[in-house]
Structures are given as C-alpha cells and as structure tokens.
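Place chain F on chain S using the hints.
There are 2 protein chains.
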Amino acid sequence: MSSVMKLHELIKAAFEHDADSTIKEAMLYSLGGKSKQLRSQLILAMLEDYGVEAMFGYPSAIALEMIQTYSLIHDDLPAMDDDGWRRNQLSNHKQYDEATAILAGDGLLTKAMEVIVTSEYDAALKVAILNELTLASGINGMILGQHYDMQAHHLKHNNDVLKMYSLKTGMLFGAALAIGAHLSNQGYLVDNYRTIGQSLGVAFQIQDDLFDLDKSEAQLGKSKSDMENEKITIVTLSGRKAAIYLMTNTLNDVIESLKRMHQHDYVLTLIESIKQRGY
Amino acid sequence: MSSVMKLHELIKAAFEHDADSTIKEAMLYSLGGKSKQLRSQLILAMLEDYGVEAMFGYPSAIALEMIQTYSLIHDDLPAMDDDGWRRNQLSNHKQYDEATAILAGDGLLTKAMEVIVTSEYDAALKVAILNELTLASGINGMILGQHYDMQAHHLKHNNDVLKMYSLKTGMLFGAALAIGAHLSNQGYLVDNYRTIGQSLGVAFQIQDDLFDLDKSEAQLGKSKSDMENEKITIVTLSGRKAAIYLMTNTLNDVIESLKRMHQHDYVLTLIESIKQRGY
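Going down the list, the sequences are from chains S and F.
Going by this note's numbering, the first residue of the first sequence is number 65, and it counts up by one from there.
Going by this note's numbering, the first residue of the second sequence is number 65, and it counts up by one from there.
Worth flagging that the hints you see were computed from the coordinates, not collected in a lab.
All C-beta atoms in this analysis are idealised placements derived from N, C-alpha and C, irrespective of residue type, glycine included.
Take the hints with a grain of salt, since some may be wrong.
Far from chain S, some chain F residues (derived; all Cβ distances over 10 Å) [what the hints assert, rightly or not]:
#1 Lys158
#2 His218
#3 Gln250
#4 Tyr252
#5 Leu277
#6 Arg341
With a straight-line cut-off of 30 Å between C-alpha atoms, the simulated DSSO-like cross-links for lysine-lysine are [unchecked claim]:
#7 F:Lys288 with S:Lys158
#8 F:Lys288 with S:Lys88
#9 S:Lys288 with F:Lys88
#10 S:Lys158 with F:Lys76
#11 S:Lys88 with F:Lys295
#12 F:Lys76 with F:Lys88
#13 F:Lys88 with S:Lys227
#14 F:Lys295 with S:Lys158
#15 F:Lys76 with S:Lys88
#16 F:Lys88 with S:Lys220
#17 S:Lys288 with S:Lys220
The following label-pair restraints were derived from C-beta to C-beta distances [unchecked claim]:
#18 S:Asp329 with F:Ala118: 50 to 60 Å
#19 S:Lys288 with F:Lys279: 23 to 33 Å
#20 S:Gln283 with F:Glu80: 56 to 66 Å
#21 F:Lys98 with S:Leu277: 46 to 56 Å
#22 F:Glu89 with S:Leu277: 31 to 41 Å
#23 S:Ala188 with F:Lys220: 47 to 57 Å
#24 F:Asn316 with S:Ala83: 23 to 33 Å
#25 F:Met69 with S:Gly342: 50 to 60 Å
Only chain S is shown next, with the shape it has when bound in the complex (with noise of 0.2 Å):
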C-alpha cells in the first residue's frame, strides 16, 4: 500500500469512534478527496531520513492533513474564493452546503488538535506539535495568509505577494519538517527545517500560479477561481519567466539546504516529485 493510501486508511480509522452525522460525513469527503498529501508525507519523508518508524509520524501527518484540508474547505466557500471544485470532486459546500462546509471545516480544525491531544505521544511531544500546528495555521500564519490573498488585487510589489505566500502556504510546509524534527528528536534544528519549509512552500505556490495559467481545470482537478478573481499572483505581477527562476531558484537553495542539515534521500525524492510536476 502507497503511504498515500495508507494515509488515507488511518485517517477514516481516527473517526471510528465519533458520532455518526453529516458533519463527519462531511469531513471524510473533503479528506477522501485525491490529494498529494505533500505536507504530510513530508513529515513521514522526515522520519524516514533519521530512521524513525513511519507510525511515530501518523498522528501528526493526520493532524496536519486535516488542518490543511479544512483550510481549503473554508477558503472554498462563496464568501472567500468560491470555488466549486476541488481534488477532483465538488468542493464541500456544493457536494453538500455552506453550513455543512463552514461546521465540516470547524470540526477539522478541532479534531485535528484532538488527534494530537489524545495521541501515544508524551505531553511534552504534543505541545511541541501543537505549538507548531496553532503558530502555522493561526492568524500570524495561514489564516493572515489567506486574509492577505483575499485582497491580493491591491499587492503591487513582489515581496507583498511573497510574504503572503509564505504565510498562506510556507507555515504549513514549514510546520511539517518542524513537526519532523519534533519527532526526530532532532529538537535543536527546528528552526532550521521550519525556515526551510517556508521557503518549499513558496516555490510550490508559485508553482501552482503557474498551472493555474498553463493547466485545465479538469488537470488541476479545481476551480480556477484566482484567474476569475483577478488576483495578482507573481505570475501576473512578474511574468512567467521570472516566476519560472524564482520558484526554481527557491527550490534548489530548499534542496542545498537540506543537504547541509542531513542525508535527506527521501525528503529530497519528496522534492524531485514537486519539480517533475513541471518548469
């Protein structure tokens, strides 16, 4: 079984004991959705390079899978981006209601603390993660973030754009090899992998503007609400091409830096497969 897929199985397996409703129903749809799970998987890569067992990562991978899919539930909504497609089905409001969607999302959010909180990991473990899951998805992270790209039509300088896709991308990324090292028992590097992270998380946003320009919505397997909406992206600001250098440019200084800190064969196979998705 893929890690993708076994993902997939654990995650169903954390919901067997909750009360059955159309909110869980809700949230396993979202979460059943075809998804790269690339910030989980790159706890899991994380593990693997300092040869911990993968269980260790799961109730982590989980978590962070669940907060990053409630992010998009809610930013899915007609209020925000209003998107009616995503990870190659409706979007949770469409496929149910905005009610169910906006609750599903809630829900995600909590349980994915709560997958945290009842997890085997010490106390002091899961407020290590929990430390780094509220500092990435709060409002000086991903929710500033998704704040900021709400009124990216007014950004006129690259490093505005940058900034926010470090915050609305880059804190989750940055969350997950953070929560690696964590895991790791690599505690005194983890500054080191969140900024790290960071930075992968903008090159793989400016690599999304780039699809969103090039790809179908049918290849994207989502709306392409940003071309709609206007929004500035760096694409759009910058050109192509310079888009094309600073996101390659970012990711090779992400690989060479993750060379400095350790013999990262899998976090670094994890990056190859971002860069084979194109430019």
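Below, chain F without anything else, positioned relative to chain S:
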C-alpha cells in the same frame, strides 16, 4: 475591577504580540461585545471555591471565552442562523463581512488552543485542558449540537431537543467545570463536574429559549432568529409552563449536586445570578 472587566483586559493583552490585521480587529470586536462570560467565570469560581489563585485560571478562562465567541461568530453567519445582532452590537459579518467573520472564527478557535499551549501550565495540565476543550467543542460536542440545531425543525420529542441542548450548550459548560477541577487538582472529580456542568448548560439553554419568547431583541441584545426560523425548542414543543418546570428542576438538581461535591460558595453565587435572570 470586576472579574468580567479583568478578563476583557487579559483577552486584549493576549493579542499584544499578534500581527495587526482586520482579522485580529474582528476577533477583538466580538470578544469585546457585552458578554456575561458565564462559562469562563465558572472556571474562575471553581478556583475560588478550591482556594486556588485566580491567575492560575486566566489562560483557561480566556481560551474558553474564545471558543464560545468563535462559535457565535460562525453560528451567526447567513448560511447558519443569519443573525445580524449579537452581544448588543452588530454581529461579526455585519460589522465586517462574511469572509472576515469566517476567518475571525477560525482564528479564535486556533488562538484558544494556542493560549493553552503557550501558557505556563505544565505539559500534562495543558494536555488535560486541551482534551476538555476539543472534546466539548468538536464533532461529538458543540459542533454536532449546532448541526442538530440547524435541523431542529425536524425534532419531535423533548428528549431529542434536550440532547441537542446538551451538545450545543451543555458541553462547554461541562468543560468549564471539568477544567476548573483539573486546575484545582481535583482530577478524580473531573467526570462528575463535567456531568453537572452539562446539566447546568441545558438549564441555561431552556432559560434562553424562554427569554427568546418573552423579551424583545433590544432586551436580549441579539437577534431572535430562532423564532423567525421557526426552530423547535423545549418551549415550542412542551409549552412555557413545562419548560419553566424543567429548567427550575434541572437548576435545583445542579445546585444539590454541587453542594454534595464541595463548599461551592462562588459557583453557587454564579448559578444564583443565572436564576435571578428570571423564571
């Protein structure tokens, strides 16, 4: 300074190091509305009754107030109860907009967890409190209750309505007393306190339904959407007299149970103030 005002001050201070943004402003706006802070004050009253310094309870009280406020912001959204007025001021999405209100709610839920994670509690206590918070507010608790509430027009039996109340309102009251017990080092009594708190929440909810029937929006300080939405409540289902009887009985049971647990002067004073609201 009253403890309600004191908590308002501490809540503001909790945002001191957060990036300034409309989201932060919107979070503080709803937290600053006129609120009895009943759930949070219950935590502080528990500590007073057990001779523990109030300071020790503040992070928990702040976190609970944030969760309660996030739930109100999301419940008020047009796709949910569509309430324009809350805590004697415009509801969050009316004062700002829907996108901001969604993100402000998400931000408050995340921030609540962060407040505990970054508090000075030891790791085991942090985990115990976060466990209460996620249990009470998740998809087996408050979120499930709100989901049932959205479909309350289908409810036909008192017991179904009471179950909904227990989830929607009771669970956070239960968490308040349970957290108070944790903080007062009464870990072995936590389950009892949680159960008593849930009953208190149910009684409070019945009283709220009675107010909704008898008072104006100006007196309530919030919209009366439940009546417009023709929601089923204990009052609409069983009548005013039966609802008052049930509320009074439940409150008296709660008071008797608390008296058997400990010398609960402060908690009982708080409950007396609930009784004094009427009926």
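Tell me, in ascending order, the numbers of any earlier hints that this structure violates. 10, 15, 19 and 20
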